[in-house]
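Listed below, chain by chain, are the residues.
There are 2 protein chains.
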Amino acid sequence: MLTDEQHRQKMQQRKQVQTQRLAERTLEKGLVIVHMGNGKGKTTAALGMVLRSLGHGYRVAIIQFIKGAWEPAEKAALSHWPDQLVFHAMGEGFTWETQDRQRDIANAEAAWERALDYLSQPDYRLILLDEVNVALKLAYLSPEKVLAGLRTKPEQTHVILTGRGAPPELVDAADLVTEMTLIKHPFREQGVKAQAGIEF
Amino acid sequence: MLTDEQHRQKMQQRKQVQTQRLAERTLEKGLVIVHMGNGKGKTTAALGMVLRSLGHGYRVAIIQFIKGAWEPAEKAALSHWPDQLVFHAMGEGFTWETQDRQRDIANAEAAWERALDYLSQPDYRLILLDEVNVALKLAYLSPEKVLAGLRTKPEQTHVILTGRGAPPELVDAADLVTEMTLIKHPFREQGVKAQAGIEF
Numbered sequence: 009m010l011t012d013e014q015h016r017q018k019m020q021q022r023k024q025v026q027t028q029r030l031a032e033r034t035l036e037k038g039l040v041i042v043h044m045g046n047g048k049g050k051t052t053a054a055l056g057m058v059l060r061s062l063g064h065g066y067r068v069a070i071i072q073f074i075k076g077a078w079e080p081a082e083k084a085a086l087s088h089w090p091d092q093l094v095f096h097a098m099g100e101g102f103t104w105e106t107q108d109r110q111r112d113i114a115n116a117e118a119a120w121e122r123a124l125d126y127l128s129q130p131d132y133r134l135i136l137l138d139e140v141n142v143a144l145k146l147a148y149l150s151p152e153k154v155l156a157g158l159r160t161k162p163e164q165t166h167v168i169l170t171g172r173g174a175p176p177e178l179v180d181a182a183d184l185v186t187e188m189t190l191i192k193h194p195f196r197e198q199g200v201k202a203q204a205g206i207e208f
Numbered sequence: 009m010l011t012d013e014q015h016r017q018k019m020q021q022r023k024q025v026q027t028q029r030l031a032e033r034t035l036e037k038g039l040v041i042v043h044m045g046n047g048k049g050k051t052t053a054a055l056g057m058v059l060r061s062l063g064h065g066y067r068v069a070i071i072q073f074i075k076g077a078w079e080p081a082e083k084a085a086l087s088h089w090p091d092q093l094v095f096h097a098m099g100e101g102f103t104w105e106t107q108d109r110q111r112d113i114a115n116a117e118a119a120w121e122r123a124l125d126y127l128s129q130p131d132y133r134l135i136l137l138d139e140v141n142v143a144l145k146l147a148y149l150s151p152e153k154v155l156a157g158l159r160t161k162p163e164q165t166h167v168i169l170t171g172r173g174a175p176p177e178l179v180d181a182a183d184l185v186t187e188m189t190l191i192k193h194p195f196r197e198q199g200v201k202a203q204a205g206i207e208f
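Protein chains in written order, with our numbering: chain Y, 9 to 208; chain R, 9 to 208.
No wet-lab data here; the hints were simulated from the structure.
Every value quoted in this text rests on a predicted model; they were computed, and no experiment measured them.
Misleading hints may appear alongside valid ones.
Same chains, same names: a pair is fine if it fits in one copy or spans any two.
To be verified - Capping the alpha-carbon separation at 35 Å, the derived lysine-lysine pairs in DSBU-like fashion look like this:
#1 Lys18 - Lys153
#2 Lys18 - Lys37
#3 Lys201 - Lys161
#4 Lys161 - Lys18
Start from the sequences and build out the full structure, keeping to the hints where you can.
As structure tokens, then:
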């Protein structure tokens, strides 16, 4: 256990390291961000970034690849920014809901075309492609097509791609990749249902 | 590769499994949620939950244990809910900023007292204890004290505890635990600085 004085000296040194690090990190760029893994929080963390971007006054586009409608609470909360935020739910539900692969593929392709449209508009500083990784995993979209589209994005635009099953090519091409890992989940272990305010 | 008809049959079966699962999950309860790990997204995913809870009309309290001020963009975005949301930045910065352990400890204790106050008010349906895990890791707060406080929470209140270093006792006591794992980070690898709209 350090004394208070030793603690102070250690923290002074750490402060120097931090200052040095910050000085070395000067690049500004729009990021390709991937939220993957089996845990919770992939879409939720993207929503947090949407909130921050809206707070900065940026325009934001959200395109949902699987869901066919916006969750009412998210819709209510984000209705405060009608001039900054656009939202498109381009899916019709999970694969076990639609039970129709050709229709799922057509929906994924239409969603991707919509995404490309926003990627061509530099005033959209954040584009959230929600659950697009699932469409990639199911081969409803090809990684080549998505990577080619991401290469067209304006320099300052951030793009977030969420969902299980991000292909390795996407991880390679991304700047910031976080895996949400399930450690404990009350659904499975306690029979708890999805909770308002947390999951929807 | 399944034919479209085989796909349809497989998805019909999966739908039955899903329906069964949902039927088994009937419990409603406020959750103790932990976001841990070295990756990004711990606080950000908590912010997404704050947004959902606000959309449901719930009262929300945010208590920051490390930071001494609210990020301007988050503050601007969340200023739309003056009647539902309270925010307290109870820290004075990272340990290498303050360089004063006794003051850090006093701040952590004051933040925890504030948390207990909201935990006693059932109309606060979501309480975010941001970076509290760091205070636990540094032994500024004891796990026993925090767990005892969490046990007093009203049945329907959700509590989110974020930050690296969640102690095992907290993970054991929590309902929903997600580890954010760093796969790739542009700070380190590309010299990119923290980006507006994403990290703050």
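Going down the list of hints, with the structure as the test:
1. For the identical chains of this complex, lysine 18 and lysine 153 are inter-copy neighbours only, at 28 Å across copies versus 50 Å inside a copy, given an alpha-carbon limit of 35 Å.
2. Only within a single protomer do lysine 18 and lysine 37 lie at most 35 Å apart by alpha-carbon distance; the minimum there is 33 Å, versus 43 Å between protomers.
3. Only between protomers do lysine 201 and lysine 161 lie at most 35 Å apart by alpha-carbon distance; the minimum there is 19 Å, versus 39 Å within a single protomer.
4. In this assembly of identical chains, the alpha carbons of lysine 161 and lysine 18 never lie at most 35 Å apart, being 43 Å within a copy and 37 Å across copies at closest.
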